[in-house]
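Novice: So the chains spell out like this:
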Amino acid sequence: MNAIEIKNLTKRYRDVTAVDGLSFTVREGELFSLLGVNGAGKSTTIRMLCALTEPTSGDAYLLGKSILHESAAVKRLCAVSPQESAVAPALSVKENLALICGVHGFSKEKTTEKIGELSALLGLQEVLSRRAGKLSGGYKRRLSIAMALISEPKILFLDEPTLGLDVLARSDLWDVIRALKGNVTIVLTTHYMEEAEALSDRVAVMKDGRLLVCDTPDAIKVQTGAVRFEDAFVRIVKGVAK
Amino acid sequence: MKKLLTFASRNAKEILRDPLTLFFGLGFPIVLLLLLSAIQASIPVPLFEIAHLTPGITVFGLSFMTLFSALLIAKDRESALLERLYTTPLTPLDFILGYTLPLLPIALAQSAVTYAAALILGLAPTPSILLALAFVLPVSVLFIALGLLFGSILTDKQVGGICGALLTNLSAWLSGIWFDLSLVGGVFEKIAYALPFVHAVELERALVRGELIPALPHLWWVLGYGIAALALAVLLFLRQMKKR
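Residue numbers (my numbering), protein chains in the order written: chain P, 57 to 298; chain W, 82 to 325.
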């Protein structure tokens with residue numbers, strides 16, 4: 057079954073078309089990357105898929121649920137770790153996790169269980185009592201992902217999860233994302249081509265709100281005749297610009 | 082209900098754990114009270130008599146509630162925490178109450194500390210002080226609603242300027258706390274009396290004197306502005322929620 061099915065999705069803001077007739081599918085359990093330069097429409101696409109922004113036209117289905125007509129069901133199926141850290145800075149890591157458990161109505165026992173499970177999965181045990189605002193960039197991202205995973209989403213959107221992280225923190229986070237792979241469908245946006253290549257089953261490249269290509273990283277390299285995936289990406293994006 | 086309480090408790094922690102909140106929320110009104118009482122001891126002025134001054138300082142202290150709530154909302158918007166929370170089962174009402182309710186006890190505590198300090202400085206201990214303290218709540222709703230309103234449309238830096246500087250100054254100049262508005266008179270006085278700040282101060286002053294009936298017209302002004310500000314705040318909050 058397809059986890060996500062996008063059909064001619066369009067979003068216009070006055071004179072600007074942020075997403076223009078987008079159509080593709082993401083399979084269940086897949087790690088799918090959405091690539092593009094700034095302003096390509098990646099974040100807008102994610103916000104529409106999470107039912108946070110209404111499309112101007114078109115529709116998308118998350119495990120068969122329409123973002124237009126079943127937005128509440130869509131919100132239950134997915135979770136997002138936004139580009140910004142999206143944590144409560146004055147709360148400790150544990151309190152941040154408990155906050156999300158609380159707003160989902162979890163019992164005390166389930167909250168304790170979830171905090172234990174996710175802090176182990178994301179490697180947060182040693183910083184559980186530290187305030188989120190004082191964490192390093194890498195730990196903030198891990199906390200952000202842990203908070204997104206609390207509701208046990210079927211589809212997880214990671215919007216530029218490694219932005220601004222150093223090499224080691226990024227490598228650690230890649231391990232975390234790899235550990236999640238298979239259990240949950242992941243849609244990732246990133247500016248780092250080596251990240252997309254290392255982690256993704258398939259990638260979609262967007263420019264000016266439109267889809268340029270959607271395939272595996274290897275297939276895209278073959279199509280463009282490039283050895284490095286980054287070169288393939290540049291050729292695709294510049295090729296359209298010509 | 083549990084969802085709302087969890088969110089409200091987070092907001093309370095976020096505000097109370099900021100040292101600036103403690104200084105401006107609790108310390109600053111007391112500093113003002115001590116300073117002006119010291120001036121009063123040297124150069125007596127009827128305006129700064131403790132029974133006249135304390136209600137004004139109390140209302141001035143409440144203007145910081147606008148800053149606290151607006152900053153919290155603006156920061157939550159910018160850090161995308163709100164965006165994350167929009168994907169949870171929290172309803173729009175949970176958001177509005179969750180941002181409003183935690184500030185009410187904080188406002189009440191701030192006012193109680195101010196009146197307690199005034200009692201030490203010589204304010205006569207009468208039951209009417211308890212009444213004045215109770216009527217801090219509608220005044221607080223006005224200031225908190227203004228915070229919700231500004232937090233929904235401004236960035237945290239803009240909030241610092243608009244609420245931290247402009248609004249606190251407006252509420253100070255146009256409230257009759259620091260000088261008698263009739264001394265300026267004219268358009269200035271008319272503008273001041275068309276706004277809620279002076280009415281909030283007059284309401285508290287009348288209640289401290291134990292005059293309930295003369296306090297009522299001022300209460301209607303405060304309630305009217307409070308309800309209007311809250312309605313507009315809800316509208317703007319929902320609009321930015323939909324916009325996201």
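Hint data in this document are derived by calculation from the structure and do not stem from the laboratory. Glycine included, C-beta positions come from ideal geometry on N, C-alpha and C. Any given hint could turn out to be false.
[Claimed, not checked] Across the chosen pairs, the derived CB separations fall in these ranges:
1. P/S192 - W/L86: 28 to 38 Å
2. W/Y274 - P/H125: 44 to 54 Å
3. W/L247 - P/R83: 36 to 46 Å
[To be verified] Reference excerpt, derived from the structure (chain P facing chain W, CB under 8 Å, subset only):
4. A129
5. E140
6. S141
7. L268
Novice: Decide, hint by hint, whether the structure agrees.
Specialist: Status of each hint after checking the structure:
Between P/S192 and W/L86 the beta carbon distance is about 31 Å. The supplied range of 28 to 38 Å therefore holds. The hinted range of 44 to 54 Å is satisfied by W/Y274 and P/H125, whose Cβ atoms lie roughly 52 Å apart. Under the hint 36 to 46 Å, the C-beta atoms of W/L247 and P/R83, about 54 Å apart, miss the expected range. The criterion of a C-beta within 8 Å of any C-beta in chain W is not met by P/A129, whose closest approach is roughly 12 Å, and the hint is violated.
Hint status for P/E140 relative to chain W: holds, with the closest Cβ pair at about 4 Å, below 8 Å. Interface hint status for P/S141: upheld, as the beta-carbon distance to the closest one in chain W is roughly 6 Å, under 8 Å. Because the smallest distance between the Cβ of P/L268 and any Cβ of chain W comes to about 27 Å, over 8 Å, the interface hint for this residue is violated.
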